[in-house]
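Chemist: Sequence:
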Amino acid sequence: MTKTEAKGKTMIKQFKPTWMIDAIYNITPAQLRAKGIKAVFTDLDNTLIAWDNPDGTPELKKWLHALQDAGIPVVVVSNNSHDRVAKALKALDLPFVSRALKPLPTGIHKARHQLGLRQSEVVMVGDQYITDMWASRMAGVASILVRPLVETDAWNTRINRFFERFIKMCLAHRYPTMHFQKELK
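This note's numbering puts the first residue of the sequence shown at 93, with every later residue one more than the last.
Bear in mind the hints are in silico, worked out from the structure with no lab data behind them. Predicted model, so just to flag it, every value in this text is computed and none were measured. Every residue, glycine too, gets a C-beta built ideally from N, C-alpha and C. Heads up, a few of these hints could be off.
To be verified - BS3-like cross-link-like pairs, simulated, lysine-lysine; straight-line CA separation at most 25 Å:
id : residue 1 : residue 2
1  : K105      : K274
2  : K105      : K154
3  : K202      : K108
4  : K274      : K154
5  : K105      : K277
6  : K130      : K260
7  : K127      : K274
8  : K108      : K127
9  : K260      : K154
Said to hold, decoys possible - Label pairs and their computed distance ranges (CB to CB):
id : residue 1 : residue 2 : range
10 : K127      : Q160      : 16 to 22 Å
11 : K105      : R257      : 24 to 30 Å
12 : A162      : H265      : 36 to 42 Å
13 : A178      : K274      : 29 to 35 Å
I would like the entire structure built from these sequences, with the hints used as guidance.
Modeler: Structure, rendered in structure tokens:
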């Protein structure tokens with residue numbers, strides 16, 4: 093193996109999620125506790141809510157209540173502006189970090205420090221390899237890749253999706269057993 097090949101294999105690992113789950117709503121408090129997770133950080137668009145439907149769904153509200161009842165805080169870590177995130181989360185009343193600068197770990201670090209938790213006690217959930225998974229890896233926290241809630245994206249996300257096709261192909265080749273699960277195992 094050449095140095096370039098070795099470097100490429102190391103680089104692609106930066107995008108590998110810890111777990112892959114069909115939807116954020118499939119993640120239960122019991123599953124999180126079993127992994128030592130005390131807080132969930134989540135992307136906003138197409139992870140928590142559909143990018144074009146800020147009201148959320150009854151399923152989302154049920155999931156949020158289950159985590160709240162279990163004492164597991166949910167914090168939105170988004171690259172969107174403060175105004176955009178605040179407006180989207182108004183009905184859900186969730187704390188957030190806006191302008192998170194993902195894939196840099198800045199927003200994840202900020203949210204983790206606000207809660208006073210260690211890296212091993214939080215998980216970042218998102219639908220994108222380039223922003224969410226890479227930021228998680230750089231922040232040293234576990235990650236959960238979920239399928240996007242809707243198949244369309246905002247214009248700025250479409251650029252990432254183009255490059256993610258290549259990343260998915262490389263990850264599938266390097267990690268052939270990696271696939272979406274129904275629940276966190």
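Chemist: In ascending order, which of the hints set out earlier in this document are inconsistent with the structure?
Modeler: 2, 6, 9, 11
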